[in-house]
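Required output: the full structure, derived from the provided sequences and hints.
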Amino acid sequence: MKILTNFYFDLNGTKSFISGTKSQQDIFQNFLKNKGNYELFGLFAKRADSGEEFKTISPKENFYGLALPPNYSQESAEKCSSLELRECFSEAFRFIDSVFERVVPDIVFLNGFSWLACLLGWRAQEKEIPVVFIHAGLTFKEFDLYRDYLGDKQADAILKGEKSLALNRKCFHIFLNEFSRNVYEKEFLKQKCPNCFIVPLGASFDFHCPAKRSAVRSKIKVGLIGRWDRIKNHQAFLNLAKHARSENVPAEFFAITRIPEKTKALGISRSDYYAYVEVRDLMPREDLWKFYQEMDVVVCPSLFDVSPHTVLESIICGTPALISPNVGYVDLYRKFKLEHWIDDFSDPAETMEKIERISLEKISPELISWIKEEYDPETVFEKYLEIINLAS
Numbered sequence: 007m008k009i010l011t012n013f014y015f016d017l018n019g020t021k022s023f024i025s026g027t028k029s030q031q032d033i034f035q036n037f038l039k040n041k042g043n044y045e046l047f048g049l050f051a052k053r054a055d056s057g058e059e060f061k062t063i064s065p066k067e068n069f070y071g072l073a074l075p076p077n078y079s080q081e082s083a084e085k086c087s088s089l090e091l092r093e094c095f096s097e098a099f100r101f102i103d104s105v106f107e108r109v110v111p112d113i114v115f116l117n118g119f120s121w122l123a124c125l126l127g128w129r130a131q132e133k134e135i136p137v138v139f140i141h142a143g144l145t146f147k148e149f150d151l152y153r154d155y156l157g158d159k160q161a162d163a164i165l166k167g168e169k170s171l172a173l174n175r176k177c178f179h180i181f182l183n184e185f186s187r188n189v190y191e192k193e194f195l196k197q198k199c200p201n202c203f204i205v206p207l208g209a210s211f212d213f214h215c216p217a218k219r220s221a222v223r224s225k226i227k228v229g230l231i232g233r234w235d236r237i238k239n240h241q242a243f244l245n246l247a248k249h250a251r252s253e254n255v256p257a258e259f260f261a262i263t264r265i266p267e268k269t270k271a272l273g274i275s276r277s278d279y280y281a282y283v284e285v286r287d288l289m290p291r292e293d294l295w296k297f298y299q300e301m302d303v304v305v306c307p308s309l310f311d312v313s314p315h316t317v318l319e320s321i322i323c324g325t326p327a328l329i330s331p332n333v334g335y336v337d338l339y340r341k342f343k344l345e346h347w348i349d350d351f352s353d354p355a356e357t358m359e360k361i362e363r364i365s366l367e368k369i370s371p372e373l374i375s376w377i378k379e380e381y382d383p384e385t386v387f388e389k390y391l392e393i394i395n396l397a398s
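Its first residue numbered 7, the sequence shown is counted upward by one per residue in our numbering.
Read the hints as simulated data drawn from the structure, not as lab findings. Take these hints with a grain of salt, some might be off.
In silico SDA-like pairs for lysine to any residue, Cα to Cα no more than 25 Å straight-line [what the hints assert, rightly or not]:
no. : residue 1 : residue 2
1   : LYS176    : GLU388
2   : LYS176    : ILE135
3   : LYS159    : ARG53
4   : LYS198    : ASN174
5   : LYS225    : GLU267
6   : LYS166    : LYS227
7   : LYS248    : LEU288
8   : LYS169    : ARG129
9   : LYS169    : PHE149
10  : LYS343    : GLU372
11  : LYS378    : ALA209
12  : LYS133    : ALA397
13  : LYS360    : PRO383
14  : LYS52     : GLU81
15  : LYS360    : GLU379
16  : LYS147    : ASN188
17  : LYS268    : ARG286
18  : LYS147    : LYS133
19  : LYS225    : ALA209
20  : LYS52     : LYS268
21  : LYS147    : PHE185
22  : LYS227    : ASN254
23  : LYS368    : GLU267
24  : LYS166    : LEU156
25  : LYS192    : LYS52
26  : LYS248    : TYR280
27  : LYS176    : LYS192
28  : LYS227    : SER252
29  : LYS52     : GLU388
30  : LYS169    : LYS227
31  : LYS52     : GLU267
32  : LYS248    : GLU284
33  : LYS147    : GLU184
34  : LYS166    : CYS86
35  : LYS248    : LYS196
36  : LYS341    : SER370
37  : LYS166    : ARG153
38  : LYS39     : LYS343
39  : LYS39     : ASP382
Structure, rendered in structure tokens:
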């Protein structure tokens, strides 16, 4: 069986494929190879070098790529007279059509969503090729936060294409938890989503080691791990740090992130953030585990986050994780009677009190075992394969 998927490309010049939802692609590819009778083909887009125009990248192994001028998708959409995807992204559609002709896929597997994934799924729908769609995030939520950057035309065209695809009976949906499926149906589709399955985003915790909790501390260490964007709500974290300092709360704040020199998108200045938060750069996994164990509490104040693995990683390392009610693990927390680990981060004083209370709590061994079993990549990929076979 030939499976065509959207791959993610490292835009930092390292020429390697990368992860997140992205991290799963290489592991999944190896999983399919070991199964036999399956072949995975990847479609990706990257920024062109300075001055280059739209061009295709010669296929290497099973990868087909596009090099795009800056702002290609937004500018293409703005030139359109309608919200029809084929009119807005005609050059990209020609590329996708050429890949379909070469690969002749049996199924399209959308690994997360983007404008390119939207076009890929929409073209598969036209050709009556089954689609399996992993909702790693909820596009309409992200677009709400970034419309001023995306432009209304691009956002509306892609969301229109996604809704058409989502309601097609040949489209099978994988949501990472019931929380995200319920929000998708209620706020976006306005009806039940056909062919839905709940499968978590696989992760391996083989190298995690629970921290030894100590009751002797001079200051509470509060950590956040997350990219520098609006969804992660760094403003709430900064508000916490400012409150602690103004009220002489014995606490220190640490963030693993990479702050660009221009931070207009968040409305936070680098100097202000650095004045209250110790910022650490992205680090190897082994050092990340040590960071979790160094913290007393990790926070995830995201405005909307379907399945941030940083929450699970923190728990596995023995550190409580305080999350917003818009994070997909709220049902998991309720299952294990951890509702007091949920906070809306609207009142820094109340949030800080909650952090102090939960900072010495020990993690339940049952919770750790459940996470390791439920999120095991092999188990998750077996479920993917069952759904792919069912859809085809």
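Of the hints given before, which are not true for this structure? Of the numbered hints, 5, 6, 13, 15, 18, 19, 23, 25, 29, 30, 35 and 38 do not hold.
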